[in-house]
Amino acid sequence: MAFYLDLSWISKIQVNKPAVLRRAEQIQARRPVKKEWQAAWLLKAVTCIDLTTLSGDDTASNVQRLCYKAKYPIREDLLKALNMHDKGITTAAVCVYPARVCDAVKALKAAGCDIPVASVATGFPAGQTHLKTRLEEIRLAVEDGATEIDVVINRTLVLTGQWKALYDEIRQFRKACGEAHLKTILATGELGSLTNVYKASMIAMMAGSDFIKTSTGKETVNATFPVAIVMLRAIRDFFWKTGNKVGFKPAGGIRSAKDSLVWLSLIKEELGDEWMKPELFRIGASTLLADIERQIYHHVTGRYAAYHDLPMS
Amino acid sequence: MAATRTASRACEIFTTLEYGPAPESHACALAWLDTQDRHLGHYVNGQWLKPEHRSSVPCQDPITGENLASCLQAQSEDVAAAVEAARASLENWSTQPGAFRAQHLTRLAKAIQKHQRLLWTLESLVTGRAVREVRDRDVPLAQQLLQYHAVQAHTQEEALAGWEPMGDLLCSCRSDWSHPDFCLLPPGCTVVVLAPPASPTPLLLAQLAGELGLFPGILNVISGPASLGPVLAAQPGVQKMAFCGAIEEGRALRRTLAGWGPELGLALGAESLLLLTEVADVDSAVEGIVDAAWSDRSRVRLLCSLLIQEAVWDETMRRLQERMGRLRCGRGLDGAVDMGARGDAAHDLAQRYVREAQSQGAQVFQAGSMPSDSPFFPPTLVSDLPPASPCTQAEVPWPLVVASPFRTAKEALAVANGTPRGGSASVWSERLGQALELAYGLQVGTVWINAHGLRDPAVPTGGCKESGSSWHGGQDGLYEYLRPSGTPAWIPYLSKTLDYDSFGVALPSTLPAGPEAGPAPPYGLFVGGRFQAPGARSSRPIRDSQGSLLGYVAEGGAKDIRGAVEAAHQAAPGWMSQSPAARAALLWALAAALQRREPNLVSRLERHGVELKVAKAEVELSVKRLRAWGARVQAQGCALQVAELRGPVLRLREPLGVLAIVCPDEWPLLAFVSLLAPALAHGNTVVLVPSGASPIPALEVCQEMAALLPAGLVNVVTGDRDHLTRCLALHQDIQALWYFGSAQGSQFVEWASAGNLKPVWVNRGCPRAWDQQAEGAGPELGLRAARTKALWLPMGD
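From first to last, the protein sequence lines are chains R and P.
All the letters of the first sequence, read from the start, carry residue numbers 1 to 313 under full-length UniProt numbering.
All the letters of the second sequence, read from the start, carry residue numbers 1 to 797 under full-length UniProt numbering.
The hints are simulated quantities; they were obtained by calculation from the structure and are not laboratory data.
Quick reminder that beta carbons are idealized off the backbone N, C-alpha and C, glycines included.
Heads up, some of the hints might be wrong.
Chain P stretches covered by chain R per the calculated footprint, using a threshold of three residues with CB under 8 Å from any CB of chain R [unchecked claim]:
| id | segment |
| --- | --- |
| 1 | 30 to 37 |
| 2 | 63 to 70 |
| 3 | 193 to 206 |
| 4 | 786 to 797 |
In silico contact screen, one side only, chain R against chain P (beta carbon under 7 Å); selected entries [unchecked claim]:
| id | residue |
| --- | --- |
| 5 | Ala40 |
| 6 | Pro278 |
| 7 | Leu280 |
Mimicking EDC-like on lysine to aspartate or glutamate, the simulated pairs with C-alpha atoms at most 20 Å apart in a straight line are [as the list claims (entries may be wrong)]:
| id | chain 1 | residue 1 | chain 2 | residue 2 |
| --- | --- | --- | --- | --- |
| 8 | R | Lys87 | R | Asp77 |
| 9 | R | Lys12 | P | Asp544 |
| 10 | R | Lys12 | P | Asp314 |
| 11 | R | Lys109 | R | Glu136 |
| 12 | R | Lys12 | P | Glu278 |
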């Protein structure tokens with residue numbers, strides 16, 4: 001992994017909010033995906049989900065349920081009807097708090113699969129703890145078996161324009177992760193402007209993030225299309241400048257199957273097909289999977305599913 | 001069996017992740033065509049009109065060429081029937097109280113809402129346009145426009161007091177049903193639409209209106225070739241002809257309709273310019289380009305040119321080309337398609353242009369490759385085509401975009417304004433100061449800052465220069481169809497014998513007529529701030545009503561007009577940049593000077609045979625006019641609030657440029673001042689031809705202006721009026737012309753104005769009551785003395 005620090009990449013950037021808002025509105029109506037295309041795209045979305053539970057009341061039992069749902073995201077007979085039962089359709093990862101990583105690793109092992117466990121870290125969700133404890137948090141999660149770490153950035157550094165300091169912090173996160181993948185959460189709802197979103201994205205990528213992620217799901221504003229457009233443009237610019245492909249993960253507030261289709265088409269439009277795979281695109285969600293399964297059910301059977309027709313997570 | 005096929009597809013799509021078809025069902029459009037047995041006539045007076053023995057043209061699917069229906073072509077009898085129906089319903093309609101008409105318009109808007117799927121599938125089916133543009137833009141806009149007009153109708157009696165509907169209106173809408181004036185039903189007018197051959201959507205709309213009952217004849221649609229336009233205009237009672245189409249068609253129509261009576265409103269071409277500066281959000285600007293050029297915004301060919309600052313040229317090109325690769329061409333009825341097909345003719349035109357441009361050294365970029373027999377033409381970007389290459393001068397066909405670089409903002413303005421057209425433009429810059437300077441400097445009707453193609457019924461849309469000067473939407477759009485109360489209806493004043501080639505060509509020779517009695521009037525042409533000898537070096541005698549000689553005035557000619565226009569152009573930038581307050585101060589100073597000169601002016605008027613009392617009143621009123629316009633100009637322009645936009649839209653009132661005025665013979669001082677004052681107040685520089693019979697009072701005023709006004713601001717040329725009118729009307733660098741004189745002169749002016757399509761205001765040989773407030777100083781003069789520009793300022797960071 002190469003590292004870059006070139007502040008000229010962010011000094012001249014201009015992001016026009018009204019224009020980005022318009023584009024965000026357009027993208028939602030311009031690429032409808034129907035019929036078998038819809039079914040296939042929805043299955044693709046399933047494979048990109050970081051199935052998440054981030055609650056104060058998480059225990060071993062609900063984490064275990066989540067892990068089994070990650071392994072069997074869509075009812076077997078539905079996949080069979082689509083001839084997709086042998087394609088190894090699982091979610092991309094399971095995402096939990098650091099203290100639950102052990103539970104998740106154990107449950108997934110029991111289920112007999114190698115779905116990665118992702119852990120949030122670095123004082124999630126506010127990031128307002130000492131750097132030392134934040135780094136320690138990463139190391140502990142990795143020790144427990146997490147292979148993907150979702151870190152939150154220090155918003156103070158963004159809002160006060162300390163880009164170099166932000167770069168240094170993320171570099172340290174990167175180091176602490178070791179072999180684990182680093183997903184950097186920008187908490188875009190708290191960055192103040194789209195221009196800041198672009199700059200923070202660029203810094204996070206320069207410091208070696210494997211993914212940049214919109215939000216923690218705990219801010220008042222979560223994954224929105226305008227923010228995504230700006231981050232995707234930053235990813236493309238970074239790719240053009242360095243040849244490195246960085247992944248993108250929207251999280252928070254993505255609940256409907258229709259939303260997930262729009263997200264996929266947004267990726268396709270802004271970055272291209274090569275980004276439409278779990279290595280470069282993730283959706284952080286918990287209830288989305290249930291809606292996708294309902295849609296697949298409808299596609300296969302022609303009927304709308306009752307709540308009890310589909311197993312809970 | 002079907003299940004497995006589906007399944008295997010899903011498996012394959014899971015890997016390729018391609019887009020699938022997302023067709024809109026057009027069954028309802030076909031069912032509607034079936035109700036007419038696939039044979040469409042005209043919709044007149046609430047009924048289908050299918051006369052016999054008419055030729056018909058097929059309405060075809062532009063991609064498959066499949067025959068959808070046949071459409072009857074109107075002949076002049078059908079035109080007459082439609083106009084008759086419109087006239088018959090006019091009285092009933094226009095005498096209804098505004099509130100009642102408002103209700104009716106609202107019901108029509110509701111009817112559109114209820115049947116919108118039929119509307120958008122029909123339109124997309126027959127035109128091949130991407131359905132989402134019709135569905136998400138055109139249909140809602142049509143509804144909003146009707147709502148807007150309903151609201152206007154409701155408040156019309158109060159808000160537009162002093163104005164009345166023009167009455168029977170004719171609107172020839174060449175191709176774009178979404179063009180607002182189509183379904184607009186302006187306040188109190190009834191409409192006949194000449195729809196282009198094979199376009200059923202207008203007919204459907206008329207049927208929706210007709211089936212509301214009550215006023216079936218207010219919207220009548222006939223379809224037929226554009227050549228029927230003049231036939232329509234010549235129908236008795238037609239007061240206004242609105243035309244949207246190609247520039248050359250508009251020019252021809254302007255010539256044909258000279259002298260026919262109806263006022264002509266032209267909205268020509270559809271040129272769009274995008275100006276991309278080095279401080280732009282390039283990615284967003286690229287989206288703007290896609291919106292403007294490759295998203296099927298309108299059915300008319302949309303000329304799109306691109307100016308990119310050199311510093312960001314490479315970056316923009318890279319992003320644009322990358323983006324072009326993601327555009328999708330396909331059947332318009334597919335919801336996931338960006339661009340449809342426009343038929344073979346458009347395809348060939350684009351192909352020819354590309355070949356031509358390449359032969360002139362241009363770089364042509366097309367994303368992906370299209371099989372040669374495909375009905376679709378790929379989005380195409382042409383660069384390296386400097387302004388001097390013949391291709392740049394020609395009309396750029398759809399879907400091509402020509403990009404050129406510029407170095408500085410000043411150069412950008414020079415390039416952008418260096419075309420005869422002036423449609424709409426967008427400026428992409430994150431620096432507010434720069435963006436505003438460019439927006440104010442562009443000679444166009446609409447400017448969007450960091451956006452493109454936004455529309456709202458409350459914002460006027462129009463153009464300037466050869467793009468035509470008629471307006472749609474907003475207050476300006478309403479005034480297009482109103483006239484001051486009490487104005488008589490227009491009737492044809494055509495003189496069939498008028499020879500345009502010889503009108504005003506020859507100068508009558510004038511001979512010495514003896515010595516002047518009394519004080520000699522100021523002599524010379526008032527050009528560039530001083531009195532100059534005429535180029536012809538000859539003079540014409542001016543006599544009073546009894547025939548005795550009052551003096552000689554200079555005989556101006558073509559060379560003098562040229563000089564005067566040049567002087568006016570030189571003075572224009574300085575005068576335009578003056579604040580309204582500074583302009584007002586100057587007008588007031590002129591008023592004071594006139595007051596000082598009152599005895600002199602009164603005696604001049606008396607010598608022309610005006611009674612003392614009347615002469616005194618005329619001078620007094622002239623002084624008042626100058627003061628009044630000076631005061632009025634302070635309140636110009638306004639900000640509009642628009643739905644769906646955060647931020648204001650400014651309605652700017654900008655000077656026309658060089659305005660030529662041929663003053664009437666009557667009221668030699670008052671008419672001169674009444675016309676001059678609003679022109680100056682709105683920032684124009686002026687070339688005037690004073691009263692022919694009594695030019696001397698105007699020359700007296702010039703003596704004051706020589707001392708007070710900047711040189712070239714006002715230029716007064718005396719001489720043979722027909723000759724001077726000819727020179728002015730044919731001058732390409734005069735931006736507007738007001739003519740008050742003979743019917744023949746008016747007809748000539750209308751005909752000759754087709755050259756640069758300058759807006760003209762002619763009196764058709766009818767005298768005007770210059771001493772009355774409404775006719776001498778009414779809001780009509782102010783409206784005509786400036787042009788509108790809508791400036792969109794979206795906000796947010």
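**Q.** Unmet hints by their number, sorted upward, for this structure
**A.** The structure breaks hints 1, 2, 3, 6, 7, 9, 11; every other hint is satisfied.
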